[in-house]
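There are 2 protein chains.
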Amino acid sequence: MKTTAVIMAGGRGERFWPKSRNSRPKQFLSLTSDGETMIQKTVKRLLPIVDMEDIYIVTNAAYKQLVLDQIKGLPEENILAEPCARNTAPCIAFASAVISRKYDDAVMLVLPSDHLIGYENIYISTLKKAIKVAEKDKNLVTIGITPTYAETGYGYINFGEECGDAFKVERFVEKPDKKTAKGYLASGKYLWNSGMFVWKISSVMENIRNFMPDIYEGAVKIGESFGTPDFEDTLVREFTAFRSESIDFGIMEKAESIYTIPGSFGWDDVGSWLAIERINETDDAKNYIDGDVIAVDSERTTICGGKRLVAAIGVEDIVIVDTDDVVLVCSKNHTQDVKKVITQLREAGRDNLT
Amino acid sequence: MKTTAVIMAGGRGERFWPKSRNSRPKQFLSLTSDGETMIQKTVKRLLPIVDMEDIYIVTNAAYKQLVLDQIKGLPEENILAEPCARNTAPCIAFASAVISRKYDDAVMLVLPSDHLIGYENIYISTLKKAIKVAEKDKNLVTIGITPTYAETGYGYINFGEECGDAFKVERFVEKPDKKTAKGYLASGKYLWNSGMFVWKISSVMENIRNFMPDIYEGAVKIGESFGTPDFEDTLVREFTAFRSESIDFGIMEKAESIYTIPGSFGWDDVGSWLAIERINETDDAKNYIDGDVIAVDSERTTICGGKRLVAAIGVEDIVIVDTDDVVLVCSKNHTQDVKKVITQLREAGRDNLT
Numbered sequence: 212m213k214t215t216a217v218i219m220a221g222g223r224g225e226r227f228w229p230k231s232r233n234s235r236p237k238q239f240l241s242l243t244s245d246g247e248t249m250i251q252k253t254v255k256r257l258l259p260i261v262d263m264e265d266i267y268i269v270t271n272a273a274y275k276q277l278v279l280d281q282i283k284g285l286p287e288e289n290i291l292a293e294p295c296a297r298n299t300a301p302c303i304a305f306a307s308a309v310i311s312r313k314y315d316d317a318v319m320l321v322l323p324s325d326h327l328i329g330y331e332n333i334y335i336s337t338l339k340k341a342i343k344v345a346e347k348d349k350n351l352v353t354i355g356i357t358p359t360y361a362e363t364g365y366g367y368i369n370f371g372e373e374c375g376d377a378f379k380v381e382r383f384v385e386k387p388d389k390k391t392a393k394g395y396l397a398s399g400k401y402l403w404n405s406g407m408f409v410w411k412i413s414s415v416m417e418n419i420r421n422f423m424p425d426i427y428e429g430a431v432k433i434g435e436s437f438g439t440p441d442f443e444d445t446l447v448r449e450f451t452a453f454r455s456e457s458i459d460f461g462i463m464e465k466a467e468s469i470y471t472i473p474g475s476f477g478w479d480d481v482g483s484w485l486a487i488e489r490i491n492e493t494d495d496a497k498n499y500i501d502g503d504v505i506a507v508d509s510e511r512t513t514i515c516g517g518k519r520l521v522a523a524i525g526v527e528d529i530v531i532v533d534t535d536d537v538v539l540v541c542s543k544n545h546t547q548d549v550k551k552v553i554t555q556l557r558e559a560g561r562d563n564l565t
Numbered sequence: 212m213k214t215t216a217v218i219m220a221g222g223r224g225e226r227f228w229p230k231s232r233n234s235r236p237k238q239f240l241s242l243t244s245d246g247e248t249m250i251q252k253t254v255k256r257l258l259p260i261v262d263m264e265d266i267y268i269v270t271n272a273a274y275k276q277l278v279l280d281q282i283k284g285l286p287e288e289n290i291l292a293e294p295c296a297r298n299t300a301p302c303i304a305f306a307s308a309v310i311s312r313k314y315d316d317a318v319m320l321v322l323p324s325d326h327l328i329g330y331e332n333i334y335i336s337t338l339k340k341a342i343k344v345a346e347k348d349k350n351l352v353t354i355g356i357t358p359t360y361a362e363t364g365y366g367y368i369n370f371g372e373e374c375g376d377a378f379k380v381e382r383f384v385e386k387p388d389k390k391t392a393k394g395y396l397a398s399g400k401y402l403w404n405s406g407m408f409v410w411k412i413s414s415v416m417e418n419i420r421n422f423m424p425d426i427y428e429g430a431v432k433i434g435e436s437f438g439t440p441d442f443e444d445t446l447v448r449e450f451t452a453f454r455s456e457s458i459d460f461g462i463m464e465k466a467e468s469i470y471t472i473p474g475s476f477g478w479d480d481v482g483s484w485l486a487i488e489r490i491n492e493t494d495d496a497k498n499y500i501d502g503d504v505i506a507v508d509s510e511r512t513t514i515c516g517g518k519r520l521v522a523a524i525g526v527e528d529i530v531i532v533d534t535d536d537v538v539l540v541c542s543k544n545h546t547q548d549v550k551k552v553i554t555q556l557r558e559a560g561r562d563n564l565t
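Chains as they are written, first to last, in our numbering: chain A, 212 to 565; chain B, 212 to 565.
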């Protein structure tokens with residue numbers, strides 16, 4: 212059976228503001244020294260098991276040109292441009308409906324566009340196992356990440372008995388507090404929920420029909436119009452009418468036959484500025500420094516320079532990001548609060564800075 | 212007897228880098244919300260006791276135009292342009308020699324150009340007392356500042372018996388360590404050395420001749436050429452030949468008849484970025500914020516914005532200064548280390564940033 216991939220690239224990457232902007236969010240930026248953008252890496256690492264013509268990128272209409280510019284060789288019709296953001300369930304329903312016009316059935320990998328993978332061979336090997344499990348029956352497979360510490364910022368997957376290469380999923384749980392997270396790790400029965408899914412199009416469509424019949428109906432209409440002159444109108448009409456829903460809540464927490472495969476391939480969701488020092492090399496004082504920077508007596512500091520000189524003196528545990536129109540100076544304890552600044556800017560009508 | 216003033220404005224203000232630059236040092240900047248520059252304030256507060264035509268500003272030749280632009284009404288010939296920096300002794304000898312061509316004798320106030328005075332009436336009253344003391348005999352008067360805490364960054368004046376409005380100076384001492392500074396305060400016999408002096412031209416010239424005959428000789432030649440076509444050549448030849456010497460070491464630590472008058476007029480030498488929160492109003496979280504700034508959960512932080520947005524999140528006790536070509540992020544404990552960055556820039560041949 213054919214393997215296709217759906218890469219979800221509609222996010223705004225707000226936690227990487229001010230480098231990530233509405234006009235060019237995180238997935239279209241390079242956050243590593245090799246200069247490749249996150250989405251370029253995501254596509255490249257898939258090519259051993261998915262043909263370029265079977266890779267679909269779902270993104271906001273505003274980013275279609277960015278995708279075309281960055282992913283050379285991707286057929287333009289494989290860019291599925293959402294007219295608005297409606298979370299992952301409508302996104303996946305849209306892609307499934309379109310791809311099912313091309314193939315009677317196929318395996319579909321659903322993948323975020325802005326995560327990093329350290330060990331690509333292990334990643335591919337894990338996906339191959341997931342594909343095998345997904346090809347059987349109506350199985351829905353989620354890739355779990357074996358936790359390395361008690362993270363409170365991720366959802367967890369509670370798994371049960373082993374079935375071949377996979378484990379049966381008992382339940383999905385929301386972001387826990389620290390104590391609960393520690394309990395999860397100690398139990399040896401919980402994985403991080405990475406947001407990567409593997410299933411057949413027929414399996415996911417059946418579940419969408421069962422649990423979200425409204426979204427199913429709209430998606431089918433969009434799929435039927437794909438390639439016809441009515442497509443744009445249908446897409447805008449049906450997609451904007453969708454409610455916002457995550458695939459986790461919409462299907463995964465309700466469906467039967469959910470399996471997880473534990474992955475240990477150096478996954479990093481690059482979820483905040485703190486990730487920069489994890490995914491790049493740091494100096495002896497544990498600073499990550501990029502650009503025109505003079506650092507004196509500074510430790511554990513991340514500095515992403517822009518066009519001007521950044522001078523850091525005697526600072527510790529902070530993040531400094533310089534861009535043409537904004538400079539961010541943020542304590543490492545507060546990287547999640549970047550969103551508060553974005554909110555203030557929007558309230559002040561200064562969307563050009565967000 | 213006429214009262215004249217010599218304002219020393221040749222400093223580079225390096226401790227206020229990157230706002231203070233070689234091309235426009237601290238004395239030509241406004242560091243307060245009223246928009247007046249330091250040197251403008253210095254001149255303005257003197258006008259109740261010194262006529263504008265009797266105010267002389269000694270500065271580097273490169274800053275002559277800045278002085279002309281900022282001090283309206285100052286006769287151009289009252290700007291004494293040093294061809295190079297030689298510390299305060301040659302500066303004062305130069306000014307004394309020039310002014311002594313205009314007046315047979317006169318009282319001379321010698322004042323830094325980059326300090327702030329909170330209580331100008333008390334300041335004027337103190338200077339008036341100093342003038343009276345200086346008019347008598349060959350007295351040399353230094354204005355001492357009554358210490359408010361055990362500062363280790365200033366020199367101190369050890370004073371003895373009271374003579375009218377002044378106290379006899381026993382000795383000048385260099386910057387002490389913390390313990391010594393505390394001892395000075397406890398003794399009640401030490402004042403901060405503010406670098407403000409009052410004397411007759413005849414008194415200071417006689418002391419220069421006695422203790423620095425080489426500088427005296429050169430200064431007299433410069434004075435004699437003042438107003439003639441030879442002036443520029445003489446100035447460059449004689450001034451560049453001077454050794455670097457402070458007036459404190461060159462005269463004050465050696466001469467007889469040294470007096471001090473304690474001043475309590477809200478003096479601030481504005482000696483580092485730490486001064487900004489002292490001399491300006493701060494918010495409830497003790498932040499000083501100027502310019503286009505969004506601060507979230509930040510405390511005791513000084514932010515001087517430039518043309519771009521500065522976003523500060525969760526930071527404490529730091530100084531952020533944004534300029535067109537440099538952004539500084541400096542721990543409050545390290546404001547003196549700004550000079551280290553300047554040194555690195557000079558070594559790298561990047562003088563345009565200093």
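Just so you know, these hints were derived from the structure itself, not from any lab.
What you are looking at is a predicted structure, and each value in this text was computed from that prediction instead of being measured.
One should not assume that every hint holds.
Since the list gives no way to pick out one identical chain from another, each pair is judged satisfied if it fits inside one copy or across any two copies.
Within a straight-line C-alpha distance of at most 25 Å, the following computed SDA-like cross-link-like pairs (lysine to any residue) qualify [what the hints assert, rightly or not]:
{"#": "1", "residue 1": "K550", "residue 2": "E527"}
{"#": "2", "residue 1": "K339", "residue 2": "E467"}
{"#": "3", "residue 1": "K551", "residue 2": "D495"}
{"#": "4", "residue 1": "K339", "residue 2": "A496"}
{"#": "5", "residue 1": "K386", "residue 2": "S311"}
Verification of the hints:
{"no.": "1", "hint": "K550 to E527", "in the structure": "both (22 Å within a copy, 19 Å between copies)"}
{"no.": "2", "hint": "K339 to E467", "in the structure": "within (22 Å within a copy, 94 Å between copies)"}
{"no.": "3", "hint": "K551 to D495", "in the structure": "between (33 Å within a copy, 20 Å between copies)"}
{"no.": "4", "hint": "K339 to A496", "in the structure": "neither (41 Å within a copy, 55 Å between copies)"}
{"no.": "5", "hint": "K386 to S311", "in the structure": "neither (34 Å within a copy, 81 Å between copies)"}
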